[in-house]
Amino acid sequence: MIPGYGGSILRVDLTTRSVGREPVTSELAHDWLGGRAWIAKYMYDELPAGVDPLSAANKVFVATGPLSGTLWPSSAKIVWGTKSPLTGGYIDSNMGGMIMAELKYAGWDMIILEGASETPVYLYIEDDKVEIRDASGYWGKGSVDTEYALKHDLGEDFQIATIGPAGENLVRFACITHDVGRQAGRGGIAAVLGSKKLKAIAVRGTKPIPVADIEGLQKHTTSVIDYIKNAAFFPTFSKYGTTDITDWCDSVGVIPVNNFQHAQYSKKDRINGKYMREQIYVRDKGCYACPLGCSTYTYSKKYDVYVEGPEYETIGLMGSNLGMDSIEEIAVLNADVDNLGMDSISSGSAVAFAMELYQRGILTKGDLGGLEMTWGNVDAVRAFLRLIAARQGIGATFAEGALAAARIIGRDSEKYVVQVKGLDYSAYDTHAAPAMMLAFMTSDIGAQHTRAWAIVQDINMGRESIQGKGKLVCDLQHLRPLMEVFGVCRFPWLEVKVDWENYVTALNLVTGQHYTTEGLFAFSEKVWNLTRAFWTREVDGFGRAYDQPPARMFEPMPDGPTAGARVTQAMVDQLLDGYYQAYQWDQNGLPTVQRLREVGLDYVADDLVKRGRIPG
Amino acid sequence: MKHIVVRPERCTGCRLCQLTCSAQNFRLNTHKAARIGVVPRFPEGYFEVHLCNQCGVCQSVCPVEAISVDASGAYVIDGPTCIDCGACVESCPQQAIFRSPASPHPYMCNLCGACVANCAAQALIWEAGQ
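For the protein sequence lines, the chains are A and B, in the order given. When we follow this note's numbering, the leftmost residue of the first sequence carries the number 1, and every step to the right adds one. When we follow this note's numbering, the leftmost residue of the second sequence carries the number 1001, and every step to the right adds one.
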């Protein structure tokens, strides 16, 4: 028994329909902790170089961390990872909800999904009993509908993760859904599950998680919750959750409007958290062990639809970015993509790209399946989303992702796709936010906001200023991803300012080890070097060219609080120089042999040299 | 006597009450040993919270008089006397008497209050009784 861990890794071969158990060794637990670190390690070690993401040789790794499912506040994260069919590089994406605890109660810390079934199946886990079961009765159903159906068939106390029609049809930004509305959204992991014909994972467990000092953990938890209850930002964040940021993003000119052509929205008061609360609120909903309860479950009377959310990212990408009229339109689009099983960020980006091509006359109504893709046309967008999920007509092109769609469409359309490494921007414009832009440019999955979020620092340090921002982003990228190693949500730290050291204390109370902040940050750098090494191995010519911002950022912002702001190549170069220097990588942004050895990745250094990816 | 009052409209379903209860009473990290129940109801979107309100029905139906009231006002099942017939579990109007591998006989809330301290949503609060 290793405190903090269920104890075993479940390896599932969907080709041979066999399952195997591997122990979590103390070396794996204490040297690699868990969560995204395990995923990065296993992905580098086990995936054949150059593997096609949608082939049977790709694998999906599903990992909890040592704090997942514990009493520690917001210990509700489970991380999914694979070689991304959207970007061709490293992807991991995490979800909240309840399933991480259930998996550990069943005695499993990680699932490795390999091979591919010829017919639809789902994975059934009840403690030690693991079965690959027929899923033909669920295939074709929506993500949320499938969850309800499986709960009905197996029992309400099963925790279930599903894919929707988009995943089945290999849409390259398909997402995994769990607990009504928690998603591992980014990078198309559900398309890989679809390629393996795995519709769902259902799990129920009965064993407690071993904790080294449960009394100490309870005392520590109660003291931190006591702090949270009295924290200045708690009442607002627990009420509005991520939607609370909508007004602020509008006021500082970072909210995306009409495919990032503007950064302030005239209908902001109809899409913000306050309006949402007034119009469609049903209930606050919390993930496992979370005192914040930041999620909002809603019902749109206008569209007669329930949905968990919208969150700010969906408000931005599927609301203002598509010119939608109000929160009700965003709610129904949110419900649509949830049940189709598509990432609301990349869905919003792909649709916004199509709408801009329509605006510019590059694609016509005829090209777009007869749909009038004008800004704000909710009915057209709903129909378009269904074309994508089913890969029908023009939908098949956009199902490849916005960047790949642009390469198919041609006509110089790539400049209208707002992405890095093929992963679409989260809902923050970066015309005048260099640190945030650098965070997008260098995130190890593509343009995602959760690795480092630096707009506040941009405003505090100067929105024109480049100075010190490479180091800043490097530091943020050390701290934040540790949350996804531990298996906890970042929001108590980020939104109500729970001190970081409390996490280290919790980790030591759970595991009985003696981790230090210094040691953990060094470990985080090792993981960051490892994911960078994966990109270096997998993508020909990888380096600085892949860390560039989208063309849109080089165009001057026409209006709003950041009117006139634009990014220059000199700024980009300077940002990357500072950033690479902070990581001690070479001028092309590749990890050096020396640095890889220093962070404890000798075998990776040797491998990259042998493959000719970095100089020896 | 003080009671714990449930305000289910405030419950977010996070199960911190159950995790805390299991840790406090059984020294286990699980929500499944708790003396309080939380049942999510979706798609309608609410949470049922099942907690003993000291109504005493269980005591009246127990065929072996194994249930008594302790100094804090909590109902307690005496392990050696209990024949585990299940009458109390089935008769509880609150569905707030539980069984789990943590105990050989059923149990209910013992009014320890550890859950109240950790319910940030204040769906559980102390209230002075009549």
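Just so you know, the hints here were simulated from the structure itself, not pulled from any lab data. There's no promise every hint is true.
Mimicking EDC-like on lysine to aspartate or glutamate, the simulated pairs with C-alpha atoms at most 20 angstroms apart in a straight line are [claimed, not checked]:
1. Lys301(A) with Glu1044(B)
2. Lys229(A) with Glu1009(B)
3. Lys129(A) with Asp145(A)
4. Lys151(A) with Glu1009(B)
5. Lys415(A) with Asp226(A)
Everything numeric in this text was worked out from a predicted model, so none of it was measured.
We went through each hint and held it up to the structure:
1. Restraint check for Lys301(A) and Glu1044(B): satisfied, since their Cα atoms lie roughly 13 angstroms apart, inside the 20 angstroms limit.
2. For the proposed pair Lys229(A) and Glu1009(B), the alpha carbon gap of about 18 angstroms is at most 20 angstroms, so the pair holds.
3. A hinted pair counts as satisfied when its Cα atoms are at most 20 angstroms apart, and Lys129(A) with Asp145(A) does not qualify at roughly 25 angstroms.
4. Between Lys151(A) and Glu1009(B) the CA atoms are separated by roughly 24 angstroms; this puts the pair beyond 20 angstroms, and the hint is violated.
5. Between Lys415(A) and Asp226(A), the direct Cα distance comes to roughly 50 angstroms. Violation of the 20 angstroms bound is thereby established for this hinted pair.
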